[in-house]
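Novice: Start from the sequences and build out the full structure, keeping to the hints where you can.
When you line the sequence shown up against UniProt numbering, it's residues 1 to 260, in that order.
Do not take every clue at face value.
Below, in silico cross-link-like pairs of lysine to aspartate or glutamate (DMTMM-like), each with a Cα-Cα straight-line distance of 20 angstroms or less [unchecked claim]: (1) Lys-121 - Asp-248; (2) Lys-107 - Asp-6; (3) Lys-107 - Asp-132; (4) Lys-107 - Asp-248.
I should point out that these hints are in silico values taken from the structure, not numbers from a laboratory.
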Amino acid sequence: MPTPMDVQRLTNLLPPDEGWGEVVHLPRVGSTNAEAAARGVLWSPVITEHQTAGRGRLGRPWQDTPGASLAMSVVVPPVAPPGWLPLATGLAVRSALVDEGVDAHLKWPNDVLLPGDDGRKVCGILCQSQPDGRVVVGIGINVGHGRGDLPVETATSLRLVGAHVDRTTLAAAVLTHLRHLHTALAEGGERAAQVRADYSAACATLGRRVVVHHPDGTREEVETTGLDLDGCLRVIRAHGSDTVAAGDVQHIRLPGASSS
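Specialist: Here's what the structure looks like:
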């Protein structure tokens with residue numbers, strides 16, 4: 001089982017004099033996103049040992065095992081275009097995992113996959129815009145789960161690929177990477193272009209055939225060709241080129257190929 005969260009060490013790694021808010025550590029909470037939104041403090045991470053009512057994209061329940069996950073949320077200023085914030089968050093998680101020696105790929109728009117466990121999902125991300133324009137960024141990473149602890153067959157954990165990661169170190173790394181990427185997106189120009197390039201290089205969705213599951217329940221098979229400046233997925237449909245702004249993608253697995 002993962003080591004307990006060290007709030008004092010995390011506070012030292014995210015010091016107030018560098019613009020970080022209070023580290024809020026809760027033994028149990030319904031939703032870290034809801035808690036962070038209610039507090040409304042920029043760059044003040046809310047972390048819990050047990051999230052009981054977490055939600056993923058499209059309102060899906062996010063299952064949690066007490067003490068096994070890194071479940072946290074943070075309120076950040078908006079960036080333009082807004083579609084790049086969830087993508088950058090996935091890139092932040094991937095960068096933190098690579099720092100720990102864990103190979104990870106991204107699946108558009110905001111999943112993190114582990115090739116070491118057949119491309120299964122280790123992290124989900126939910127960004128929720130607030131009435132004042134700020135955005136709550138929610139991150140859930142499976143750290144210490146065994147196979148039987150996971151809610152679906154397509155999920156994995158860091159433990160299952162042999163990675164023994166300290167959650168305090170991981171939380172600090174994810175948040176630090178997120179802040180750097182957020183700053184680059186807010187600055188725009190060449191720095192934002194580099195974020196887009198880095199995401200594209202790490203995204204296993206691009207340049208392959210996928211099934212897009214649309215929010216209205218329909219689905220279609222398309223070929224992906226890249227991302228546009230808004231973070232939408234460029235695709236080739238039967239009638240020609242188009243973009244997909246929202247939805248889930250399922251990577252089509254070719255015989256003998258990895259599912260990542």
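Novice: Next step is simple, just say for each hint if it's right about the structure.
Specialist: Results of checking the hints against the structure:
1. A C-alpha spacing of about 13 angstroms is found between Lys-121 and Asp-248, which places the hinted pair at or below 20 angstroms, so the restraint holds.
2. This hinted pair does not check out: Lys-107 and Asp-6 have alpha carbons roughly 31 angstroms apart, beyond 20 angstroms.
3. Proposed proximity of Lys-107 and Asp-132 is contradicted: the alpha carbons are some 29 angstroms apart, above 20 angstroms.
4. Of the supplied pair hints, the one linking Lys-107 and Asp-248 holds, its CA atoms being roughly 9 angstroms apart against a limit of 20 angstroms.
The structure fails hints 2 and 3 (numbered hints given earlier, in ascending order).
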